[in-house]
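Assemble the complex: chain A is given as a structure, and chains B and C must be docked to it using the hints.
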Amino acid sequence: MGITQLLFWFLTVLTLGSALMVIFSKNPIYSILWLIVTFFAISGHYILLNAQFLAIVNIIVYAGAIMVLFLFVVMLMNLNMPASPVKKKWMPFAGIISGGCLLLVLIAALKDTEAMRRELLMKSGDIGLINNLGMVLFKDYILPFEISSVLFLSAMVGAVVIGKKN
Amino acid sequence: MTLLALDWAFTLEKIILIAIIISISLVVAMYATYAERKVAGFMQDRIGPNRAGPFGILQPLADGLKLFFKEEVIPNHSNKFLFILGPCLAMLTAMMTSAIIPWGGKVELGGRIVDLQVADINIGILYIFGVVSLGVYGMMIGGWASNNKYSLMAALRGASQAISYELALGIALIALLMLTGSLSLRTITDQQIQGNWWNIVYQPLGFLIFFICSLAECNRAPFDLPEAESELNMGYHQEYSSMKLGFFLFAEYINMFISCTVIATLFLGGYDMPFVDEAGLSGITALLVGLLALFGKTFFLIFVFMWIRWTLPRFRYDQLMNLGWKALIPLALLNMVITGAVVLFTMK
Amino acid sequence: MDALTQRAALVDRRPMNWLERIYLWEIAKGMGITLKHFFKKKVTIQYPEQTRPFSPVFRGLHVLNRDEEGRERCTACGLCAVACPAEAITMEAAERLPEEENLYREEKYAARYEINMLRCIFCGLCEEACPKDAIYLSETFAPANYSRKSFVYSKDNLLIPDPVKDPENYAKAKGLIDKKKKLNS
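Chains as they are written, first to last, in numbering that gives the first Met the number 0: chain A, 0 to 165; chain B, 0 to 347; chain C, 0 to 184.
For reference, chain A alone in the conformation it holds in the complex:
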């Protein structure tokens, strides 16, 4: 067991543990902080896969920007008020059904990668490096890339329209 393996297991335990803590924390602030820890662990995994660009972008975008906004919102909420327990009977069922659907989709998506798993290389793959990623994004996947940017643009316009109303 080399140092890479050790790191892998450490990061895996950290990822899963902190992800569970996100769910089980009573205080939403703690949930967010655990989520940040999760993102860092995932970035660690990316680095193990030699995908440094993905790792740092994960940190910049998720840990650095989105989680700050999450914190923003949660901090502005009045957490001292006891949350009124809205417990409807159909809520657990809805949760189970939607969660199950997500699980199904994930399994369906990842089922075919089984064959590729043997090719997964630790520390030597180079698909996550910025050069290769840029080539792939702007040559092979240029259309989806541009479409997704249009999606972001429309979301921004929508936000401005909503903000302008009042």
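Among the hints, erroneous ones may be present.
[Claimed, not checked] A partial selection of chain B residues facing chain A, derived with a Cβ cut-off under 8 Å: (1) I15; (2) F128; (3) V135; (4) I162.
Just so you know, these hints were derived from the structure itself, not from any lab.
For each residue, glycine too, the CB sits at the ideal point set by N, CA and C.
Frame of chain A; chains B and C shown alone:
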């Protein structure tokens, strides 16, 4: 177990380097507080601190000692863990950036080639960006955990300010990256040493935007809204005392030092001494000249930071946001488009 | 209406031009001003070592005067206490004993003489009221202290050093008194 297969000499070298860099950052930050008070004094026709030691050079030690011996106060209704975590995070993120700054070229010391950069990762600039974007957490968590509305307000202000100015900072960087074609700070410095001009000549607007955004990211005047004394008492560190307050204040000065070093590296040629041909110098001399150049540039930039602080009044919050979103981001975008066009048409 | 002084300047309320609106040039000008001050002569006076010269009419802490032979001049007549608008002065008189002739000038003297420096307004009326030249306001001021009691100055604090035994300190404490006397006459 193949744990022992690590290159121990290499690890040791890096650990020593990290220790040296951290202690240098701390000393520089300490004396930045002294310099700040001296500069403030001189610009207001005063002398500044001059009682502790000759010319007052022991003043930072006295200040630090005072902070150490102050009573530690943790507010009653605050979240104790997060309250302590806040300043720790601020200090950590302030220290982390120094890892990828090339402090000098490679030198041969005792038969080993020693790299004066802790880690030459190929995403250097993005790493800085990532750490900067994490720098908000110390402030936000500290401000929230203080359970004080002024602190919370300051934390929110600081966070939104940091996020807003990060955008312009990033776009200004992208224009620079188009020219250099590399994210590694080492490569960027080498290009400036080999080329005739520093990057500031090619990117004057980018430099200006980057500089202004660094001021905002460091919470320096005129962008020191998060600690605006006149409206928020002391901002996010209002409830802090003792060394926890010291950590916050210290982190600010370390941030200033590191961001000045980054600016010097990106735009002012890093450890490139002007009018001197480094290739002709022997190992140690080249190292010393390089360090002198880098620290000279950095200290000059720190002086400019202070100079600006003691000249300009603080922005109002809406002015701050207007400047960030309506002036700097469009300018940075323009700069990026122009640079892109020039790169496309000239460097094919 | 004429201006009161020649220093008044009209406020320029023209709309900002392009150069002023981008601020950068104005900021550079402002920074030039601060840089100029950076090299200017400093106005600081290093206080405990250097002091500013006092004006001859400055009214500071009181001094109980002695004559040339070192005898206290005060006869405890109480005129200063009557004159004092702040009622800061209290005293107790005592009769001089035959063997004390070298200590007190007249046959009556102040056994206790106290001035509450927290009440005193340093108006100098006591100095004017005194028929015996016994009380003067010097050019020092009351140093800060921790207790109120310590601001009630008794004879120990007020008496001027003996001109026979300690002429140096006497001259120092006397300071501007002679000059002041000349000014008043």
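How the hints compare with the structure:
no. : hint : in the structure
1   : I15  : 21 Å, violated
2   : F128 : 6 Å, holds
3   : V135 : 5 Å, holds
4   : I162 : 6 Å, holds
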